[in-house]
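J.: Sequence:
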Amino acid sequence: MKKILYVLLAIVLVAISFANLVPLLGLAISLVVLYFSVKQFSATDSTLGKVFWGIIGMIATINAVSNLPAVIGLIALYLLYVLYKGWKQEKEGPVNGDPFQQFEQQWNEIKNKHI
Numbered sequence: 002m003k004k005i006l007y008v009l010l011a012i013v014l015v016a017i018s019f020a021n022l023v024p025l026l027g028l029a030i031s032l033v034v035l036y037f038s039v040k041q042f043s044a045t046d047s048t049l050g051k052v053f054w055g056i057i058g059m060i061a062t063i064n065a066v067s068n069l070p071a072v073i074g075l076i077a078l079y080l081l082y083v084l085y086k087g088w089k090q091e092k093e094g095p096v097n098g099d100p101f102q103q104f105e106q107q108w109n110e111i112k113n114k115h116i
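The sequence shown maps to residues 2 to 116 in my numbering.
Heads up, some of the hints might be wrong.
To be verified - BS3-like mimics (lysine-lysine), calculated; alpha carbons at most 30 Å apart, straight line:
| hint | residue 1 | residue 2 |
| --- | --- | --- |
| 1 | K86 | K4 |
| 2 | K89 | K3 |
| 3 | K3 | K86 |
Keep in mind that the hints were calculated from the coordinates and are not lab data.
Whole structure, please, built from the sequences with the hints as guidance.
T.: Written out as structure tokens, the structure is:
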């Protein structure tokens, strides 16, 4: 039952990620333009250049804010990654047997590692 819920959750997360693929692309492009405009703004010395790169930076900022719902897609991708890692991780079962015997086995393993 738990695996069915994981599969259903994965399907929903993939659908959310695909639905936000274009806004993610728009957000990435606008952030690259914003980064480039800030670098050029701080590198230029002319007033006209600062005005130009400031306007470009403001346009890129407005575009990035308008693509902010793409963060939902990023969260869905992260949750899908966590779900995938949890799925692959093997669970250790309970150890059966005498606890003193188990202690002796672990103690011997530790001693053999240090030799």
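J.: Checked against the structure, which of the hints given earlier come out wrong?
T.: none
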